[in-house]
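Student: Chain by chain, the residues run as shown.
Number of protein chains: 2
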Amino acid sequence: MSASEPSTKKQRTDGYVLYYWPGIPGRGEYIRLAFEHSGTAYTEDSDPSKLLPTITDPKNCGHPGHFAPPALKLPSGKFISQTPNILNYVAPKLGLAGDKWVKLTEKQKNGDKVDIGSEEYEQAEEERAAVNQLVLTALDLSNESHDVHHPVAVEDYYEDQKEESKRRAQSYRKNRLPKFLAHFQKVLESNPANKEGNTYLISSKTTNADLVIDGAEFAFPRRTAALRQSGKYEKVFALKKRVESEGGIKAYIEEGRRQPFSQGLFRHYPELDGDD
Amino acid sequence: MSASEPSTKKQRTDGYVLYYWPGIPGRGEYIRLAFEHSGTAYTEDSDPSKLLPTITDPKNCGHPGHFAPPALKLPSGKFISQTPNILNYVAPKLGLAGDKWVKLTEKQKNGDKVDIGSEEYEQAEEERAAVNQLVLTALDLSNESHDVHHPVAVEDYYEDQKEESKRRAQSYRKNRLPKFLAHFQKVLESNPANKEGNTYLISSKTTNADLVIDGAEFAFPRRTAALRQSGKYEKVFALKKRVESEGGIKAYIEEGRRQPFSQGLFRHYPELDGDD
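Which chain is which? The protein sequence lines are A and B, in order.
Those letters in the first sequence? Residues 1 to 276, per the UniProt record's numbering, in order.
Those letters in the second sequence? Residues 1 to 276, per the UniProt record's numbering, in order.
A portion of the hints provided could be inaccurate.
Copies of the same chain look alike in the list, so a pair counts if it works inside one copy or between any two.
[Unchecked claim] Quick list of in silico lysine-lysine cross-link-like pairs, BS3-like style, CA-CA up to 30 Å:
#1 Lys205 to Lys162
#2 Lys205 to Lys109
#3 Lys50 to Lys232
#4 Lys59 to Lys241
#5 Lys162 to Lys241
#6 Lys93 to Lys205
#7 Lys113 to Lys100
#8 Lys250 to Lys195
#9 Lys174 to Lys162
#10 Lys107 to Lys50
#11 Lys186 to Lys103
#12 Lys162 to Lys179
#13 Lys241 to Lys50
#14 Lys240 to Lys50
#15 Lys174 to Lys107
#16 Lys186 to Lys59
#17 Lys205 to Lys232
#18 Lys186 to Lys240
#19 Lys59 to Lys179
#20 Lys174 to Lys109
The hints are simulated quantities; they were obtained by calculation from the structure and are not laboratory data.
Starting from the given sequences, assemble the full structure and let the hints guide the process.
Tutor: This is the structure we're talking about:
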């Protein structure tokens with residue numbers, strides 16, 4: 001950049017950089033899973049003393065600054081944030097936006113052009129929106145899992161809202177978790193691509209939607225065991241098992257790089273769990 | 001459709017159809033504002049006895065079914081749901097995804113092709129992601145506003161969780177609302193397109209991000225009045241005023257078609273409000 005050019009924080013990088021807190025999987029994990037599944041290179045910048053200044057100050061990250069991590073620096077130098085937004089942005093590039101976008105990308109690789117006015121682009125965008133929709137619903141569940149241990153004030157300790165947490169946990173175990181599981185079970189049952197026992201939420205490939213169904217088993221082992229035993233949600237549990245056995249995610253787990261859940265978004269407090 | 005074709009619920013329609021609960025603005029209002037601002041025709045289907053069967057059963061809405069309203073039926077016949085997903089999908093079509101997408105759309109209208117491998121498409125998608133990011137952050141605030149009156153169980157009445165609501169309201173008024181307002185104020189200050197007193201969150205046009213900053217003044221009139229008086233968030237309040245004076249939204253309000261807030265997402269309970 002010449003000295004006379006206006007300052008811009010968009011500097012091209014070699015690849016994707018994830019900005020997130022160290023030590024917990026948290027919401028950053030959903031981004032990691034997308035990169036790991038697709039085998040796409042990314043690095044992490046998780047110095048906790050620099051994280052917030054880097055991503056919230058537009059002098060460092062460009063306009064607009066970000067409300068909270070995770071943020072992702074794109075190869076163009078642009079930063080984006082909000083977990084479902086990051087996933088939706090990278091989905092076509094990582095092959096996680098469904099069959100139709102994968103086909104468009106293959107055409108591109110063969111040197112063919114794909115016009116944004118074409119029917120094939122329209123249909124791929126509709127499928128990408130279905131993926132994003134399912135991702136948002138799964139993230140709603142994970143947000144509700146978080147709110148079980150923080151029902152009244154996100155800035156206070158769990159220990160200062162234990163009584164309210166117990167009440168919210170009852171609602172979560174009895175009503176909310178089964179409602180979400182029933183939704184995803186129904187989606188797995190109605191996917192026409194699942195005729196031969198496949199467990200894809202949408203299209204005939206793993207998408208971001210499949211990768212974000214996670215966490216409840218860690219936080220509520222007794223309740224999820226009981227729900228599993230009911231046999232009503234077997235496709236949802238099968239989906240999770242299938243994802244963990246697939247290429248990139250399998251390696252991520254086996255190489256010990258996946259951080260265990262601990263005290264982040266999902267937390268296991270035995271007093272909040274129960275068989276029903 | 002011939003009798004031998006497999007049943008598909010994707011039937012072309014004349015336009016967009018919004019499926020949402022009657023009688024409250026709720027989350028459906030964010031979708032209405034996008035259509036109203038851009039002057040794009042849409043109809044509503046809000047028969048409460050048919051709403052959930054229509055949008056949750058894939059026999060009626062196609063795969064995948066939806067977790068909750070609002071849902072939008074596209075002209076292609078496809079249904080999509082999740083408020084931020086609907087907004088992100090329609091944003092380029094309604095001119096609400098930022099300057100760069102508007103330019104692409106103009107090129108299209110002139111009969112020019114826009115390839116998904118082009119730099120101009122890449123940059124427009126980055127800007128669209130910035131819009132979506134800001135929308136998601138504003139919707140996080142509206143979700144937190146909802147959780148103030150439903151901190152422990154969404155399926156129970158407010159009256160059954162009043163004590164917990166009071167505690168959550170304190171956190172919302174003191175910490176959360178100011179934190180979000182400060183974020184949007186900072187975004188308005190750093191937007192290079194706002195040099196001449198403009199109040200766009202991103203680019204030099206109204207986007208979906210500008211349209212979703214709403215609701216807190218109804219639910220917490222005393223607290224928002226105090227925050228307004230502090231002078232720290234004047235650009236955010238100016239944004240809201242500007243949006244309400246713009247073409248489509250102005251007509252929507254003046255023609256009496258905009259429903260008042262009542263007992264939905266945003267609720268005014270005086271006991272949850274306060275000057276600080």
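Student: With reference to the structure, classify each hint as holding or not holding.
Tutor: Status of the hints after comparison with the structure:
{"no.": "1", "hint": "Lys205 to Lys162", "verdict": "neither (41 Å within a copy, 46 Å between copies)"}
{"no.": "2", "hint": "Lys205 to Lys109", "verdict": "within (19 Å within a copy, 34 Å between copies)"}
{"no.": "3", "hint": "Lys50 to Lys232", "verdict": "between (46 Å within a copy, 25 Å between copies)"}
{"no.": "4", "hint": "Lys59 to Lys241", "verdict": "between (43 Å within a copy, 28 Å between copies)"}
{"no.": "5", "hint": "Lys162 to Lys241", "verdict": "neither (33 Å within a copy, 41 Å between copies)"}
{"no.": "6", "hint": "Lys93 to Lys205", "verdict": "both (14 Å within a copy, 28 Å between copies)"}
{"no.": "7", "hint": "Lys113 to Lys100", "verdict": "both (15 Å within a copy, 20 Å between copies)"}
{"no.": "8", "hint": "Lys250 to Lys195", "verdict": "within (25 Å within a copy, 50 Å between copies)"}
{"no.": "9", "hint": "Lys174 to Lys162", "verdict": "both (18 Å within a copy, 21 Å between copies)"}
{"no.": "10", "hint": "Lys107 to Lys50", "verdict": "neither (41 Å within a copy, 42 Å between copies)"}
{"no.": "11", "hint": "Lys186 to Lys103", "verdict": "within (27 Å within a copy, 41 Å between copies)"}
{"no.": "12", "hint": "Lys162 to Lys179", "verdict": "both (24 Å within a copy, 25 Å between copies)"}
{"no.": "13", "hint": "Lys241 to Lys50", "verdict": "neither (36 Å within a copy, 36 Å between copies)"}
{"no.": "14", "hint": "Lys240 to Lys50", "verdict": "neither (35 Å within a copy, 33 Å between copies)"}
{"no.": "15", "hint": "Lys174 to Lys107", "verdict": "neither (47 Å within a copy, 53 Å between copies)"}
{"no.": "16", "hint": "Lys186 to Lys59", "verdict": "between (46 Å within a copy, 11 Å between copies)"}
{"no.": "17", "hint": "Lys205 to Lys232", "verdict": "within (23 Å within a copy, 49 Å between copies)"}
{"no.": "18", "hint": "Lys186 to Lys240", "verdict": "within (15 Å within a copy, 40 Å between copies)"}
{"no.": "19", "hint": "Lys59 to Lys179", "verdict": "between (44 Å within a copy, 19 Å between copies)"}
{"no.": "20", "hint": "Lys174 to Lys109", "verdict": "neither (49 Å within a copy, 52 Å between copies)"}
When the structure is compared with the earlier hints, violations turn up for hints 1, 5, 10, 13, 14, 15, 20 and for no others.
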